[in-house]
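Q: Next come the chains, spelled out residue by residue.
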Amino acid sequence: MDRFVFLTFDGLVRGVVLAAFALALVLIWRAARIVNFAQGAMAVASVYVAYSVTAATGSYWIGFAAALLAGLALGTLVDVAVMRFVDHSSPLNAVIVALGLVLLLQAVLGMTYGNEYLPVAAPLSRDALSIGGLALLSRYDLFVFAAVLVVVVALALLFTRTPVGLRMRAAAFAPQVSRLLGVNVGGMLTLGWALAAGVGALAGMLVLPTELGLHPNAMDLVFVSAFTAAVVGGLDSPAGAVVGGVAVGLILSYVSGYVGSDTAPIAVLVLLLAVLLIRPNGLFSSAQARHV
Amino acid sequence: MQRIARRGLTIAACLTLLGGAVACTGDESGGGTAAVPGVSDTEIVVGTHMPLTGPASAGYSKISPATKAYFDHVNANGGVYGRKITYKVMDDGYNPANTQQVVRQLVLQDKVFAVINGLGTPTHSGVLDFLKSNRVPDLFVASGSRTWDQPEKYPHTFGFNPDYTVEGKILAQYAKDNFAGKKVCFLGQDDDFGRDGLLGVEQILGAEGVVARQTYVTSNTNIGPQINTLKTAGCEVVVLATVPGFTALAIGTAARVGFQPQWMVSNVGADYQTLAAQLGDAKGLLEGMLALNYMPMATDESDPWIAQFKKINDQYNAGAGFDGNTVYGMAVGYLFVQALLAAGEDLTREGLIEAVEKGGFQGPGLAPLRFSADDHSGYGGQRMNKVEGGVQKYFGPTYETDEGDGPVNEYTVAPPAPPANGIPTL
Amino acid sequence: MSVIGEPGQRVEQTTPASAPAAAAPAKPHLPWGGSTLLRHLALVALAAVVLLGLTYWLEPFRNYQLATVAAYLCATAGLTVLTGLNGQLSLGHGALMAAGAYTVALTQQMLTDRGATGVGVLVVSLGCGVLVSLLAGAVIGVAAARLRGPYLAGVTLAVALVVPALAITFDGTLGGEQGLSFYVDPPPAALGPYFPYERWQAWLALAGALLVMLLLANLVRSRFGRSLRAVRDDEVAARLAGIHVARTQVLAFVVSAACAGLGGGLLAVLAQSVSPGAFSMTLSLFLLMAIVVGGLGSLAGAVWGALLLVILPELTHLITEQFTLAPATAQRLDGNLPLALFGGTLVVVMIVAPGGIQRVLVRLARRIDPRRRTAPGPEER
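Chains as they are written, first to last, in our numbering: chain A, 1 to 292; chain B, 293 to 718; chain C, 719 to 1099.
Derived by calculation from the structure, the hints in this document are not laboratory data.
Just so you know, not all the hints are guaranteed correct.
Below, simulated SDA-like cross-link-like pairs (lysine to any residue); rule was C-alpha separation at most 25 Å, straight line [as the list claims (entries may be wrong)]:
no., chain 1, residue 1, chain 2, residue 2
1, B, K403, C, Q1040
2, B, K603, B, G371
3, B, K380, C, R780
Could you build the full structure based on these sequences and the hints that come with them?
A: Below, the structure is given as structure tokens:
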């Protein structure tokens, strides 16, 4: 029972970070109909910025803020300088460009910082607090929960209650009509990229203290798990991203704990197939395919 | 019509060219070319494959620059019999598939004279057959697997690191003598490195003596489940056969769940400076860590070898950090130069192999260096060290043993003093 | 409906000139009588002769690289048919290559243990490899038949990750991260005692690649090829026209999986070993990059892609070697500068020439020779 509780909480913490990352992917999908394969690399770049800033100033929180800003800036830059020029008639072009960006980013980071694993300290204690003899969450885990909750709620409010959010949704759903109505579609798209990159940077900051260390390939596996989570939940649905993220995190934790961490990818594949066989567009999909 | 004629002409032209090409180039005659590959009057080209990037690169990426710096020092002093040593280092990222590619490039394209200090058990085991069929000397493999010690099967392959079985036996013997009655457990890499280490431990303690065994793979950095299992089993002494990144990960993860056993770490993953850099602020967790080593301690300023290597490091390695990996890299360079000197001025691949098999090399190592016609294993022992007050210090005697069921003995021969300029003489 | 797209997306149309090509009446003055199969056989025979000469001219390392290109070509050709002509995005072809490779390794180990020798052993092993990857492709194809776009991509990406997991879980048979080594016979005695091993490897790989190209070229020009394109361009219309969409998609997956299996098996034979690291997710992504930069949907594009996979890393290494720096800096650049150049090249190429290398070449050819009738779209060869 102890083990189950431990694994559940471990999985929830992991899942929540994956949910944030999946949310970033869904954001870009809804805005630009592209799967942003460079999300992981962009997040890692932002964390490196935080690392430098923290090393220079000595404060984790300044570094944290710097990471978020770097994420926003990087997202804007990628959209304005690269994605605008890509021929979107074939969706594969954007995928390849994103993959090229991944290689470029990771290589530049490796050249600047080296490929060694740099230690990333957590701002709060990572020792597990015990309640009734069970080692449960640590203060850091609670911080992770809180941060992701704030982000999810903020994004939900942004999209549903603010004019900017309405414009972003309009630009994504019906770009031509929105343009006619005076919405700066290109600007909304860039804003979407910036927000997504910022959320990705946050997820990176949250997850990296739990990894082996900071290095250019650190977010690769997180990206893959998050992409799986987004697919499970349905790429069109932010709620789906959150649910998918938590589900994938829990499954990874249970399988790693009870069977072995090497079989975890197999379990993820089984989950994916199980969900997609029943609902080919994800759990929370709303888009209907034309059937004949 | 025209198109067909044009196509016919192109086909005819191709066939003529082809016929000419085949006629002009025959197969090379069977005997070797007169010149030795990689050796000229002024140069010796050797190569290696190392993980310069990837999860296993922590620490190891410092070895080849150190060896290169040592070769630069030798070259600046006239080289070996007037030949300068060129060291080609290829990155394989600890991925066996990349090792295949880069080793083929070294042998077939760069035409190296020998491959020295190829690093990694999973990576190097894949290229043994290729190196054998191309008769390339494969010296001083940077790994303690027993695969390199097979003189009948791989006559050109020689090890350097003490075998992992030897290590396991020494650690287990120490645990038996000093931690009698405590639960001993094992966490190792899921390949020959981990398996051979476990074999050594079980030789001394017996299979029942090891309470729990866990493995990890370098591609999966979440070893929480393994640590949890060891904690639940009540382990008091944990033997680690881990690369430096994973030693740090194991110790860090364990501390977080309140599990702090006596750590006994294989030489491969026990360099204090590398681990401290990995753990950052948590480096206090390394206090009391027991480990093995067979080279002078990088922090031991009083050791003449360290002084010599430090000088070379400052001059030729752009003052890169000086730690156990640097000492290791330079020791390998030193041994290779000794082998080249013993092979004589008329340098051939067979001559080099014979020179190495003659053995009798003495260098900075604390343990006996075993090279003979039947023994390609390399160093055969280690000495215990402990981390106290942030410094990793040796204590006790050097132990030596074999890969089989021989006992663990003390080895009392001390290393000689280094030559004045750090370059060996015959 | 195309791969991933908004409802109003512009879709590539095949030019009508291409359609009658395969069904043209026999022109009596051509030696092959207008039959596609014979024409392709003639081209393959010609290519075989030219390549044979090439293997005699190249030095051993280049022969090894040629063999690697041929092995990759099997996989890229299959993938470009699947993704370019059928619109199914697969991010897991590395896993299918691994299926073929591991099967070859295990079969070779088993056969050499029993003392079998000769070229037949290799043929049997490669055949088994193709069979296993074919089955794997069938399973994945059926499971993913209803999936489109990024959902299919997600499943195939998960498949790509399963390979190392399987190798490590079943490390008794599959050797874990260290992988398996196996013995491959030297060239047959009939070729002479001094026949370079790399040339033999090149022959094996080129034979496989030519076989795959012949098969796929015929497939692309056939009725099945037209069904593939029909399903890609407009699924609903295809269904209305009587094409069984699910069956077409599964078959496309199966064919590309078999080709990938052969490619993986050949790679294993070249390296005489298999390990999970050789078939990582990175390989799957690199295959995708190769076919898109080479020219999506065209077999010639697959050739460029395979060449790119082998040549570009080496080119970037050459460029890096031009700079001489302090050891530590050089080492930092050493692994990373080639990747940076590779990534940068990809980004630039995709922005400047989104149709890939093949499209650029076709456009150049059109400009040089205006007498050429409007060439078929890039989906044709």
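Q: Against this structure, judge whether each hint is valid.
A: Hint-by-hint comparison with the structure:
no.: 1; hint: B:K403 <-> C:Q1040; result: holds, 19 Å
no.: 2; hint: B:K603 <-> B:G371; result: holds, 18 Å
no.: 3; hint: B:K380 <-> C:R780; result: holds, 19 Å
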